[in-house]
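Asker: As a plain string of letters, each chain reads:
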Amino acid sequence: MGELKLKPQKNARTIEEINAKIRKGDAQVLTAEEMKKLVESSGVEVAFKEVDVVTTGTFGAMCSSGAIINIGHSDPPIKIDRAFMNDVPICHPGAAVDLYIGATAMSETQPYEYGGGHLIEDLVNGKEVELRAAAYGTDCYPRNSLKTNLTKDDLNQFYLLNFRNCYQHYNCAVNSRDETIYTYMGKLLPKMRNATYSGAGELNPLMNDPDYETIGIGTRIFLGGAQGYVIGEGTQHEAKSQNGTLMVRGNAKKMSSEFLRGASFTRYGTTLYVGLGIPIPILNLGLAKKAAIRDEEIFTNVVDYGVPRRDRPKLAKVSYKELKSGAITVGDKKIKVSSLSSLKTARKVAGTLKSWVENGEFYLTAPVERLPLDNVFKPMKQTESTPFVVNVMQTAVTCRETEEVRAIAERIVTKSVNHIVVVDSLGKLTGIVTSWDVTRAMAEGKTKLADIMTRRVVTTKPNEPLETASKKMAQHSISALPVINDEGKVLGIVTSEDVSKLLGM
Amino acid sequence: MVRLLLRFGEEIVDQPIVSEIILELKVPINIITALVNSKGGEVLAEVPQEAMDKVVAALRKRGATVSLPKLIEVETEKCISCGSCVSLCPVEAITLDNELSVVFSKEKCVGSTCSACVDACPVKAIKSVKQNNHELINSRLKGVTGKKR
Ligand code: SF4
Ligand code: SF4
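These protein sequences, in sequence, are chains Y and P. The first sequence begins at 2 in our numbering and counts up one residue at a time. The second sequence begins at 310 in our numbering and counts up one residue at a time.
No wet-lab data here; the hints were simulated from the structure. Note that CB positions come from ideal geometry on N, CA and C, so glycine has one too. Some clues are possibly wrong.
Each pair of labels, with its calculated beta carbon distance range [to be verified]:
no., chain 1, residue 1, chain 2, residue 2, range
1, P, T422, Y, E445, 31 to 39 Å
2, Y, E498, P, M310, 56 to 64 Å
3, Y, E498, P, E333, 32 to 40 Å
Could you put the whole structure together from the sequences, leaning on the hints where they help?
Answerer: Here it is, written out as structure tokens:
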């Protein structure tokens, strides 16, 4: 830190004062990481006296992103009804030639590979993209179809308009299932063999101003490598639970693909990685304290994405310090964890923003309106209920591994079922045997159940959506799933007949 | 050392081919990964460069298919250092350096027999690439000409 020529001690500074210093080139700017070190070494009082601005940053996949573009009028004019750019379906939410490119819209010819996010990146990079449009034709807009090639220079407006960015913090994901799953939290290996998380922790903009004292409507920010603005709270914003989000806008023509990257998550879909940074003016001691928050003070839940329900089980609480260390502990299990968002680029965002402010290229703004602090993020009101396994499961007919095939055959006949579940003395699942297995065993002269039962059993849980259970059966070409609890105890069985009766499939 | 991908069919999977060759040629063969069941097997093995021709010929004589494994490569210009791939690697071939850049160790990576990281990269920066197999073709010729048909 250089020598400081502060005016007589005050316990507050204003945005105007900071901007005056920026103009003169002597504003003291630290990145959030540097700020924390200073507070640790010299204390918060000194940090408050010395530091005018703390810059933050994050760079992660932000699905609720997109760009609004205006392509100008053709001759004869067209009122676009359906449009594609590089085969990505484009929204036409407004008048004739205003279009919205959603980051998660996928190309019809290359789904999961190319989508709105990639399209935005291509435009940002100055690449030419192909627009195809169709219309029903009106007296004032007679044209029915259109095909043209465009670059960003041909667009009247090309604004990034993201309705939910910059999640304050996010879950850490694991998968308890027996198979790998591909989610918006990335690839999750079976039996919790890895974990993923997202978010920059102590570098995250909203973590450094958690009471939204300085971040509000009109706050000027770093967005995708250019200057942008906060235009409101993001969808699903809930400040109380540290789940704040932002709605932002910025001129995409000035952005750079270093901070704006199209991406695709295998078997999930496409998205856009967005670099976003916010300068926090250190207006008072309280803000200096808040901007000193460390990764060890920021906690998130380890959530089981193997359970496809809204309320996925929370298995543990971990700090961002643990997350960034590369391993977390859940129960007595050590799990390798890695990030989905780039900490390296998050640092670069904070560093770039710092140099902009230092060089007088970026001035701070006071919000014209504060963001809501008491919002509640409600679950969906559902007027139709979805069935779960528990709604259709039946009592399972069981047997023990030591039984003879004959005895099983008799049980199949008397109970008129096709599946017998094999359990141990505690009622835990050890296998399954079908009427087909038994028939074959009889034909082949086999007598011991142990020789013919299937030991690797695909199972379900009572709270699994019926649709998921039904998919499992189709995937493995089987016609029933034993229902077990967390300890592996058999609770019942669900068969494909029961499922089709209910789902009408 | 050279890495070779050996494939065994159902007919020969129960034979101790690799051990036999080690004993016969007195060459160290290091098994890196092996996936073997009654239907056949796929083994990634490391052999000394100078002994490669001999080993390949001996393996082929016993009915194994020998090829060079595909290598996993990361296109650094594309990589955003997100880290998605890191926790998937079973051998810690992918790590973060002090600058938080993702670094990839070709020596540690077990190659296409694993590929766990490939479909996890959001910007498709990880590729499975075929190696130039001139040497292997040469050694095949040598192996074939050395044997009377
Ligand atoms: S292919 Fe497997 S071993 Fe190689 S880097 Fe990827 S995950 Fe690691
Ligand atoms: S997943 Fe891809 S982009 Fe992310 S660190 Fe690995 S190689 Fe780089």
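Asker: Do Y:E498 and P:E333 keep their Cβ atoms within the hinted range of 32 to 40 Å?
Answerer: violated (60 Å)
Asker: 31 to 39 Å was suggested as the range; check whether the CB atoms of P:T422 and Y:E445 agree with it.
Answerer: holds (37 Å)
Asker: Between Y:E498 and P:M310, does the beta-carbon spacing fit 56 to 64 Å?
Answerer: holds (57 Å)
Of the hints listed earlier, the one the structure fails to meet is number 3.
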